[in-house]
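Please construct the entire structure, taking both the sequences and the accompanying hints into account.
Under UniProt numbering, the first residue of the sequence shown is numbered 1, with each subsequent residue one higher.
Calculated directly from the structure, the hints in this document are not laboratory data. Only a predicted model underlies this, so the values are computations on that prediction, with no experimental measurement involved.
Below, simulated PhoX-like cross-link-like pairs (lysine-lysine); rule was C-alpha separation at most 20 Å, straight line: (1) Lys-271 / Lys-130; (2) Lys-16 / Lys-115; (3) Lys-161 / Lys-390; (4) Lys-210 / Lys-390; (5) Lys-135 / Lys-115; (6) Lys-244 / Lys-204; (7) Lys-390 / Lys-271; (8) Lys-324 / Lys-362; (9) Lys-253 / Lys-390; (10) Lys-390 / Lys-208; (11) Lys-306 / Lys-271; (12) Lys-345 / Lys-310; (13) Lys-161 / Lys-208.
Per label pair, the in silico range of CB-to-CB distance: (14) Gln-155 / Asp-213: 17 to 27 Å; (15) Ala-293 / Lys-353: 28 to 38 Å; (16) Val-5 / Lys-390: 29 to 39 Å; (17) Lys-353 / Ala-17: 46 to 56 Å; (18) Ser-23 / Arg-239: 43 to 53 Å; (19) Glu-174 / His-144: 17 to 27 Å; (20) Glu-223 / Ser-9: 23 to 33 Å; (21) Glu-352 / Pro-21: 50 to 60 Å; (22) Arg-72 / Thr-129: 11 to 21 Å; (23) Ala-220 / Ala-293: 38 to 48 Å; (24) Arg-239 / Lys-310: 41 to 51 Å; (25) Val-5 / Lys-161: 33 to 43 Å.
In this text, a Cβ means the ideal position worked out from N, Cα and C, and glycines have one as well.
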Amino acid sequence: MAQRVSLKSFLATARKALTAPPSQRPNPLTFVVGNESADLDSICSAVLYAYFRTHAPSSQSALHIPLSNLPRADLALRAELNAIFPPSSNSVTPDDLITLSDLPSPSDLPPSATKWYLVDHNVLTGDLTKRGYDKSVVGCVDHHDDEGIIPPDAQPRVFAKCGSCMSLVLSQCEPIWDQLQSHQEIDEELARVAMAPILIDTVKLTSKDKTTDWDVNAAAYAEEKLVATLSVARSNRPRYDREKYFDHLSELKDSILHLSYRDILRKDYKKWTDGSLNLGVSTVVQGFETCLAEVGDKQTFLAALKDWAKEQQLDIAAVMTVSKPGGVFTRELLVWGLGGQDAVKVARRFAEKNGGSLGLEKWNNGELDGEEGGEWRACWRQMDVGSSRKQVAPMLREVMKESARL
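In structure tokens:
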């Protein structure tokens, strides 16, 4: 078993191994990476899983490097990380996280010199796939639908429905954590990392649509670790309080109105390719009305979305908003087919096929709708508030796959 160290020391060791000359680093290097939206669940799940896999019994342990699936510059868009890793603290700060920007060049780190564990997704995408690392995936822990890419003999190969992938990660890590010698400050920091995405993704375990026994059990386990540390004096952190921690995380996460539309669209973004079409879906934590009033008007928004689609080489661009105007949980959805006739057909077919089940109602009398230049765009209020990107993106992708089969 690796000697137990603080999370900050662990990340420093991982970075040192990553940046060492090829002849001086472990071969292969073992990575843990979340999905390319790089939200709290993905970032925190990768950190926690890598830490405990590294501290597993000696027969299993090896240094696991937690990789945040985004460029370093994009960390600044995730203010909510500051609630978990306070920048002024003597422990971990967001700057300590390892990002795509820290990877050696492809020639210095070929796929054969790597092993990859996926958390919060089960298909490697983006630049990591372009480097060929998808061929080196050896394990997966995920709460999304199994796309059948992970090998049957992968270890682990864990798929289960729950609000937060962290809940599954923690279930995998509990036996290791239980074997480690108690260290109050380290345990508190790790438990806070664990609780952050669980609280956000399940709305403090109150969301009936998302919360499962996995989440309830994981939260109980992590909060038990936090309770055990409450008697210890700490100068740099407030005492843990579930309500206050959630409120702090939410406040920082929802603070986006000072950003440009480009930054808002890329803050929580995923991209897929099915057949010949590229789909990108951005999740935005403020409603369209608020964004149009506070960030930029209709023309500014649509121009920014079109520019983003061009930058990402998208045929279909979608934006999903989630907000609570007047305390009412609300979802909105915009879908724009802008990559030619096939993309328009897919966008229209998606609306025809899924409009009823999603409860799609025209948004603001069609203010954001449009049909010009061989494109088609529609925006709705989504009355089925239980369906997030996790449900809507597969619906879009299924229509894309149907189109590819024709």
